[in-house]
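J.: Listed below are the residues making up each chain.
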Amino acid sequence: MARSDVQLMLDVKAGDEQSFALLLHRYRAPLINFLYRMVRNREQAEDLAQEVFVRVYRARADYVPSAKFTTWLFRIATNLALNSVRDNRRQRMEISLDAPLTADTEDGDARPLDVADKHPDIEQHLVEEARKKMIRRAIEKLPEKQRAAVLLHKYQELDYNEIAKILECSESALKSLLFRAYETLRVELAPLVAAGTK
Amino acid sequence: MSCDRMENRILPYVDGRLKTSEMHEVEAHLKTCAACLLRVNEFRAVTGLLDELPQIEPSSAFDIRVHARVAAEPVKQSWWAGVAPSLRVVFAAAMLVLATVWIGSKPSDSLSGPNGVTDEAQVVGDLPVLENYDVLSNFDALSDLPQQSQSDDASQQDSNTQM
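These protein sequences, in sequence, are chains A and B. Residues in the first sequence are numbered consecutively from 1, following the numbering used here. Residues in the second sequence are numbered consecutively from 1, following the numbering used here.
No lab work stands behind these hints, which were simulated from the structure alone. Do not rely on the hints blindly, as some may be mistaken.
[Unchecked claim] Simulated crosslink set (BS3-like; lysine-lysine; CA at most 25 Å straight-line):
id: 1; chain 1: B; residue 1: Lys19; chain 2: B; residue 2: Lys31
id: 2; chain 1: A; residue 1: Lys68; chain 2: A; residue 2: Lys13
id: 3; chain 1: A; residue 1: Lys165; chain 2: A; residue 2: Lys68
id: 4; chain 1: A; residue 1: Lys68; chain 2: B; residue 2: Lys19
id: 5; chain 1: A; residue 1: Lys132; chain 2: A; residue 2: Lys145
id: 6; chain 1: A; residue 1: Lys165; chain 2: B; residue 2: Lys19
[To be verified] Label-pair ranges, simulated between beta-carbon atoms:
id: 7; chain 1: B; residue 1: Asn41; chain 2: A; residue 2: Ala14; range: 46 to 54 Å
id: 8; chain 1: B; residue 1: Ser21; chain 2: A; residue 2: Glu43; range: 42 to 50 Å
id: 9; chain 1: B; residue 1: Leu53; chain 2: A; residue 2: Ser176; range: 18 to 26 Å
Beta carbons are placed, not taken as given, at the ideal position from N, Cα and C, and that holds for glycine.
Could you build the full structure based on these sequences and the hints that come with them?
T.: Shown next, in the form of structure tokens:
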């Protein structure tokens, strides 16, 4: 029977390095995906995820299982992500407008815009890419806290109480936050939503 | 139920996270409110669109980098464990200084007696004798022995008579 997160963390506290490796294996993908969708850069997301795990390891001696492990883990990740997003915003304001035109790829890296491809599947591919880009853009445009709430709700499938603890707000406030976020997404994605409800 | 009260219930309803009683209330309202029904369907469409974004996989070096950083973390010690070694060094140095000062302050001839034997050594050497004297003087079995001086006198008299 698999050990619970809390038991693994208590084992890490007792000096069992193997338990830390198990926690890393269990949460690296959800954490990297959450951070990637927050900061929109794969390399930065992995750096932040590393930092989350190192902080968990550093805190092992003082660990007390007073809350769910995922609440603690994603609270660290959310705080790091929010700080990083704010730093990125400040840096972007300093970037020259002379930067070359680029297109986003799914892994978050930018590549030069390439329009001269005569492959027969290219039209379908471009439509799909444009659709994904529109969804990504809609998520990106959400205020940081709303974005974190949507990502934790939609992709981590955490319950409302847990997300509220991560974002340090009441459950009622979280529900309002999520409602506003989904309303914004509904408006931003109106053409796709309309097609989906027909 | 009013449309205002639906605001915090639409998403939990779409997620299927409402209690049974709340779910029945929402469904009753949706039967009579086309606007809220449309909103529910649109929220469902939004969550479906969010599912279209692919997941990314961690890079192959991710675990290695985390383990390397964790291995580089200093071993956590209590504050006393960090301070104790330096205190031990300070204590040892202080004792060394005190011993040096004490030895240096003693006069060089105060330890030796007139015949080259130290007074203290003489006292120490006499201690077993003193201890033996106390034991012997209180030892009852010795009182039963013949007095050595009387026997010596008697033997002296015997030798005189023979002469």
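J.: Run every hint past the structure and note whether it holds.
T.: Hints and how they fare:
1. In summary, the hint linking Lys19/B to Lys31/B is supported, as the alpha carbons are separated by about 19 Å, within the 25 Å threshold.
2. Taking the CA atoms of Lys68/A and Lys13/A, the gap is about 16 Å. The hint holds against a cut of 25 Å.
3. For the proposed pair Lys165/A and Lys68/A, the alpha carbon gap of about 10 Å is at most 25 Å, so the pair holds.
4. For the hint pairing Lys68/A with Lys19/B, the CA-to-CA distance comes to about 22 Å; that is within 25 Å, so the pair holds.
5. The hinted pair formed by Lys132/A and Lys145/A meets the criterion: a straight-line CA distance of about 22 Å does not exceed 25 Å.
6. Distance check on the hinted pair: Lys165/A and Lys19/B sit about 21 Å apart at the alpha-carbon level, within 25 Å; holds.
7. The given range of 46 to 54 Å is respected by Asn41/B and Ala14/A, whose C-beta atoms sit roughly 51 Å from each other.
8. Evaluation of the 42 to 50 Å hint for Ser21/B and Glu43/A yields a pass: the beta carbon distance comes to about 48 Å.
9. Evaluation of the 18 to 26 Å hint for Leu53/B and Ser176/A yields a pass: the beta carbon distance comes to about 25 Å.
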